[in-house]
Structure formats: structure tokens, C-alpha cells
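Since the structure of chain A is provided, determine the placement of chain B on it from the hints.
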Amino acid sequence: MISVSNLSKSFDDFRAVKDISFSVEAGEVLGFLGPNGAGKSTTMKMLTGFLSPTSGKVSVLGHDMSLDAISAQEHIGYLPEGAPSYGDMTVKASLVFIGEARGIKGKELAERIASVVERVALGSVLSKRIENLSKGFRRRLGLAQALLHDPKILILDEPTDGLDPNQKHQVRELIRNLSEDKIVIVSTHILEEVSAVCTRAMILANGEILFDGTPSNLASKSGFHNAVTVRVTNLQPALISALEALRNVERVQQGELDQLVIFPIDGQSILADINQVLHAQGCQVEELHVEVGRLDDVFRKLTMSATEGESA
Amino acid sequence: MNAVNVILKRELASYFATPVAYIFIIIFLMLSGVFTFYLGQFFERGQADLTAFFNFIPWLYIVLVPAVSMRLWSEERRSGTIELLMTLPLSTFQIVFGKFLAAWLFIGLALALTFPQWVTANYLGAPDNGVILAGYLGAWFMSGGFLAIGSCLSAATKNQIVAFILTLVVCFVLVVSGFPIVQDVFSGWAPLWLVDAVANISFLTHFNAISRGVIDLRDLVYFAVLIVAFLYATALVVDMKKAD
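Protein sequence lines correspond, in order, to chains A and B.
The first sequence begins at 323 in our numbering and counts up one residue at a time.
The second sequence begins at 31 in our numbering and counts up one residue at a time.
Next up, chain A with everything else stripped away, as it sits in the complex:
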């Protein structure tokens, strides 16, 4: 378990992280979301012991990071932002180095390397120099370095940045398939990633936690939550006014191709009522679905108001 209490970090007079507290249990996949400069990377750097906090405490599996960083770091696999690696080494040499630095030797090291190389598909570039690799391969090498010692805790700073859609999918699969007793913390600004891999989402902005809950909780904060999209042939104005007259409907928006988006009041379920109206008017429905909620909409709502609050 990772527990963070009253963690703050200042650089000169800039407060990058402001007094945040949370804890993560084994089995959770926590996604850090936030605009650039929100404090995601700084928080991760403190979780891995790279940065010492200005105040507050990080404890990893019972080891206090400020007192016994090495015991904590043994259990952590970390992919730093930008996936730095030693350009003059080959992929193989780099993995051997990381393994040996973590005290893995001989046959076990060879097996670990073989398994991790297979998982992130690095086999074709094992003897190539890292400086000659593409961005995608470097990112995967970074992941391999983090996974090599089969850590209980994985901290991945933007693991899919710079990957093509297929590689992104691969990495997400990889994170999802990690064994269930691990703690995984990923940062990203790709929202679909959160619903794709995370069991818990945390939105950071200006160094503060604005939201902490499940991805579906997050989606339900969207104005689009439970909104209904309808497309009918031969759209009549009468239909729109009938829909607007419904008790739980806040407003009806007309989009492209005569598509209607009907927003409920307070996210209530309105599908049944709409169905009745459609039947009563004898409309021919071409498309009808309920929105779960749009993450980018919530994200913008939460983080924009935080930024405005800051500048006011």
C-alpha cells in the first residue's frame, strides 16, 4: 500500500504540489489526470523517492521514503517522463544493467529479460543501440526496465505518449493484464486511457486533487451523463417541443444531420419518457442511445474552474 499524507513540494516560490493526501491499495490502477503543469510528474517523482517533498510524508509498503528510500525503491518499477535511457548502450546491455543494479543475477536475470522482452515486444531490437531506436521502441524499453524485477508497485509517467494507436493498445493491454495484487499508478492526459485501464481516477490541477473516484463516477459528473441522442427520419418541430415539455428534460440541442441531444435535469434517467414521446408521435427512429458521460467535458469543467479560481 502507498500512503501519502499532506504532501507538498515547492520550487523556489512556485508551489507545484499543495498538501495532498491519498492512499492506494494493492489491486488498484490509479490514473493521474490533469493539464500540463498540474503536478502529476512532481507527485510521481516524490512517490519514487527521486524528489524529496518540501513537507509531508510518502510511505510505500510501510517504508518511509524519507528514512529508508532504498527499501521502498526495491518494490517500485518506474517509467520516468519521456522514458530516458542510456543512448550509447544496446537494449540488452541496458536491461542487464538495470537487472544487476536491482541485484538480479545469472540465470534468473536471463529469464526475466527474456520474459519482459516478450511482453513488450522488443525482441527485434535487442542488440541495437538505444540512440538508433524509434520513440515507440524507447518507450517500450522504458516499460521493460520498469517491469524487469516484477515489482509490486508500478509508477508510469505517460506510458503511451508517442506511441501509435496499435502500440497504445498493446501497452494498455499490458497494464490491464498485470497481476491483481499490484499497485499501478499511471499519469496521462489522454482521457480514454482512464476508462480503458484505470479502476480509479484522480484529477490534479494546480497541485491540488480536484476529483478522486472511479472513472464512471467521473463520467457521471459530465453534463452529458444520461443524455439521450436521437435521430429520426423527417424531424418535425413538434417533436422538439414535445421533448422539451418533458418533466425531467433540461434542454434539447439540435446537432448535425437532424440529430437531437436531450439533456436531463441532474442526470436523471429519461430514456423511458423519450420513448413514449417518440411512439406517440409515430416517429421512425434511426438512432437512439444514452450517453455515459463525456470525460473531456468533465475534465474541462473541473480544471478550467480551478485555473480561473487561481487567476482571480
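For the record, the hints were derived by calculation from the structure and aren't laboratory data.
The C-beta atom is built at its ideal place from N, Cα and C for all residues, glycine as well.
Check each hint, because a few of them may be wrong.
Anything over 10 angstroms on all C-beta distances counts as not near chain B; from chain A, calculated [said to hold, decoys possible]: (1) Ser332; (2) Phe336; (3) Ile392; (4) Ser393; (5) Ala415; (6) Glu422; (7) Asp503; (8) Ile512; (9) Gly604; (10) Glu613.
For each label pair, taking beta carbons as the anchor points, the in silico distance ranges come out as [what the hints assert, rightly or not]: (11) Leu59/B x Ser456/A: 53 to 61 angstroms; (12) Trp219/B x Ser388/A: 29 to 37 angstroms; (13) Ser374/A x Val203/B: 32 to 40 angstroms; (14) Ser325/A x Val206/B: 51 to 59 angstroms; (15) Thr48/B x Ser446/A: 20 to 28 angstroms; (16) Ser456/A x Asp269/B: 30 to 38 angstroms; (17) Ser446/A x Asp269/B: 52 to 60 angstroms.
Facing chain B, a subset of chain A residues (Cβ under 7 angstroms, in silico) [claimed, not checked]: (18) Asn328; (19) Gly404; (20) Pro406; (21) Ala423.
Chain B alone, transformed into the frame defined by chain A:
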């Protein structure tokens, strides 16, 4: 010790992964040859010893050792690999020491490759090989002092060129502070202890003593203390500046 070893191995391998190490060694050998045989008038002196070689080596170091030490930390900070390195379960001092040791062994290798000069002296006459050995030992210890200072200054900046110039200047000052010219500046007015202190702080004072064949424990301790002190300072600077 395993941790230091792992770092040492990686560093040494990275020296030889690029042509830089070979170029360095070739330049070192060429310059030391030029200094010994032309400027040092090895043949004209008619003495079978390596005094000429050892007289010039501090000057060679002033330029070449900062070139080795400048990348020790600057490069890690510039490329961001420092984050990878410092989140491995290793202590800062282990990493600092491993990196230093790799550089020190590398200079030791370059030094050892000057053996043809030793062979020449032995071919032409019968030098006191004990003195020559002492000279090599002194030269290696002195390079350690240069490197430790260079390591500390390299940790202080992301820019290799800045690290190079700072190290060069500091090492230059530490070498010339033992020179008669510098001594004269102080001896007119300064109390004796200060004059002695300035002379004693110089690399040259201690190196010359060893290279004459007098292995005084105090001279070795001087270099050892210098190395440990600057490596400790390096660890402090690394921890302070790693995130900048």
C-alpha cells in the same frame, strides 16, 4: 560493493562504446610523448629516468582530466537518465563512487599505456624503477584528485562545457599554488602558516614528493582526503540539484 561494481561496469562500457575513449587515449599518449621527448629533452639530458615525463604530467592533466570528468553528471542531468539512475535501489554515494572509480581506472589505463617510455629508459640505461613506480602511483593519485573535483563540478551543471572550464580553472589554481611565483606573492607579507598552507594545498607539492620516490604517507593521505571530501560533496550536490 555490488552496487558500485554495477555502476562501474556500465560507465566503463559507455566510455568504450564511442570513439571518445580511444581518441582521449591517443591524444594523451601523443602529448605525453611530445612533452617527454621534445620539451622534456629526454635524450639530451642523458639520464635514464622519467623525470621529464612526470614534470609535465600535471599540465597534461589540467586539460585532459576535466575532459573525462565533465560528462560524469552533466550528461545524466541533461538526458534525464539521472531519474532512472537515482530511483534504482542504490545510495547516492554508491553511484557517485562507482562513476568516479570508472573514470579513475580509465585514466589509470591511459597512464599505464605510457609504458613504452619506461621501456625506453630501461633500454638506454638502468633507472631506479622504484622511483618510477612511485611516480606512476603519485600520478594516478593526483588524477584521482582532479577527477573528484571534476565530478563535483559536473554535478553542479547540465552543461558539459561549463563543467570542463570550471574544473580546468580550479585544477589550475590547485596546481600553481605550489609554484615559486605564487609562493613569492605570499611570502613577502603573509604569516608563515599561510604561506605553508598555500604550498600544502597544491597538488604539485605532494605529487613532486611522491614522484621523487619518497612515498610519504602524508602525501597519499592528502590525495585520499581530497578525493573522499570531493566525492562526498558530489553526493550532496547531486541530491540538491538532480531535479533542476
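Here is what the structure says about each hint:
1. Once the 10 angstroms rule is applied to beta carbons, serine 332/A is consistent with being away from chain B; the minimum gap is 12 angstroms.
2. Against chain B, the non-interface label of phenylalanine 336/A holds: every CB pair exceeds 10 angstroms, the least being about 13 angstroms.
3. With a cut of 10 angstroms on Cβ distances, isoleucine 392/A falls inside the contact zone with chain B, its closest approach being about 5 angstroms.
4. Separation of serine 393/A from chain B is inadequate, the least Cβ-Cβ distance of about 8 angstroms not exceeding the 10 angstroms criterion.
5. For alanine 415/A, the shortest C-beta to C-beta distance to chain B comes to about 7 angstroms, within the 10 angstroms cut-off, and the non-interface label is violated.
6. With 10 angstroms as the threshold on Cβ separation, the claim that glutamate 422/A sits away from chain B is violated: the shortest Cβ distance comes to roughly 5 angstroms.
7. In this structure aspartate 503/A is separated from chain B by more than 10 angstroms, as the shortest Cβ-Cβ distance comes to about 20 angstroms.
8. Once the 10 angstroms rule is applied to beta carbons, isoleucine 512/A is consistent with being away from chain B; the minimum gap is 22 angstroms.
9. With a minimum CB-CB distance of about 65 angstroms to chain B, glycine 604/A clears the 10 angstroms threshold, and the non-interface call stands.
10. No beta-carbon of chain B is positioned within 10 angstroms of the beta-carbon of glutamate 613/A; the least distance is around 40 angstroms.
11. Look at leucine 59/B against serine 456/A: about 39 angstroms separates their beta carbons, and that is not inside 53 to 61 angstroms.
12. Taking 29 to 37 angstroms as the suggested C-beta distance range, the pair tryptophan 219/B and serine 388/A does not conform, at roughly 50 angstroms.
13. For the pair serine 374/A and valine 203/B, the beta carbons lie near 34 angstroms from each other, so the given range of 32 to 40 angstroms is met.
14. Restraint check, serine 325/A to valine 206/B: a C-beta distance of roughly 56 angstroms satisfies the suggested window 51 to 59 angstroms.
15. Separation of threonine 48/B from serine 446/A is about 24 angstroms and conforms to the stated range, judged on CB atoms against 20 to 28 angstroms.
16. Taking 30 to 38 angstroms as the suggested C-beta distance range, the pair serine 456/A and aspartate 269/B conforms, at roughly 34 angstroms.
17. Checked against the given bound of 52 to 60 angstroms, the beta carbons of serine 446/A and aspartate 269/B, roughly 39 angstroms apart, lie outside it.
18. Here the hint on asparagine 328/A is broken, as its CB sits about 20 angstroms from the closest CB of chain B, past 7 angstroms.
19. The closest approach between the C-beta of glycine 404/A and any C-beta of chain B is roughly 6 angstroms, which is under the 7 angstroms cut-off, so the hint is satisfied.
20. With a cut of 7 angstroms, the hint placing proline 406/A at the interface with chain B holds, because the nearest CB-to-CB distance is about 4 angstroms.
21. Checking alanine 423/A against chain B: minimum C-beta separation of about 5 angstroms stays under 7 angstroms; hint holds.
When the structure is compared with the earlier hints, violations turn up for hints 3, 4, 5, 6, 11, 12, 17 and 18 and for no others.
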